[in-house]
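Engineer: Sequence:
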Amino acid sequence: MITAQAGPPRRGELLPEHLGFSGRETAATLVAWIKFHASVLHTAEPIEQRFYRLANQWKARIGGISDPQDLRALPAFAELVQLGIPAVSLVIRELDSEPSYWFEVLADIAGEDPTPPEHAGDVGQMILAWKRWAGARNLL
16 MITAQAGPPR
26 RGELLPEHLG
36 FSGRETAATL
46 VAWIKFHASV
56 LHTAEPIEQR
66 FYRLANQWKA
76 RIGGISDPQD
86 LRALPAFAEL
96 VQLGIPAVSL
106 VIRELDSEPS
116 YWFEVLADIA
126 GEDPTPPEHA
136 GDVGQMILAW
146 KRWAGARNLL
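What the sequence shown shows, in the working numbering, is residues 16 to 155, in sequence order.
Bear in mind the hints are in silico, worked out from the structure with no lab data behind them.
Warning: the hint list may mix true and false statements.
[As the list claims (entries may be wrong)] Taking lysine to aspartate or glutamate and the DMTMM-like style, the derived pairs with C-alpha atoms no more than 25 angstroms apart in a straight line are: (1) 146 <-> 123; (2) 146 <-> 94; (3) 74 <-> 109; (4) 74 <-> 60; (5) 146 <-> 127; (6) 74 <-> 111; (7) 146 <-> 113; (8) 146 <-> 128; (9) 146 <-> 111; (10) 74 <-> 137; (11) 74 <-> 113; (12) 146 <-> 133; (13) 74 <-> 127; (14) 146 <-> 63; (15) 74 <-> 133.
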């Protein structure tokens, strides 16, 4: 709960622990969270509906694209990333059924990649790393 007070807010008031924030998040993660909440106030479309609409648009345009930079250039990719932290559980769910390309979305939302270098390219280990990351932040 945000409360009126003199001076800057205390830790936990704007990003409460029950929302999964512990104070160790990257600036990109926090900015994504704030942008999402600002945008959701101005849209009537539920996040899950919006996510799947954007995911379908993105998948329809992926075709044979394999270069991460080309994937990021697609308009739907940017909109998926703008959904921010609240979309992480939906993306993780997609990893279980269709893992290709979702790692880039997660990395851009989170501002980091929790996959250890020795597991890069091992899809099963990459999924596990992201599930651990999301679980540690109460995002699943």
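Engineer: Would you mind marking each hint as holding or not holding in the structure?
Structural biologist: Evaluated hints:
no.: 1; hint: 146 <-> 123; result: 16 angstroms, holds
no.: 2; hint: 146 <-> 94; result: 22 angstroms, holds
no.: 3; hint: 74 <-> 109; result: 12 angstroms, holds
no.: 4; hint: 74 <-> 60; result: 20 angstroms, holds
no.: 5; hint: 146 <-> 127; result: 14 angstroms, holds
no.: 6; hint: 74 <-> 111; result: 16 angstroms, holds
no.: 7; hint: 146 <-> 113; result: 15 angstroms, holds
no.: 8; hint: 146 <-> 128; result: 12 angstroms, holds
no.: 9; hint: 146 <-> 111; result: 10 angstroms, holds
no.: 10; hint: 74 <-> 137; result: 22 angstroms, holds
no.: 11; hint: 74 <-> 113; result: 11 angstroms, holds
no.: 12; hint: 146 <-> 133; result: 17 angstroms, holds
no.: 13; hint: 74 <-> 127; result: 23 angstroms, holds
no.: 14; hint: 146 <-> 63; result: 19 angstroms, holds
no.: 15; hint: 74 <-> 133; result: 28 angstroms, violated
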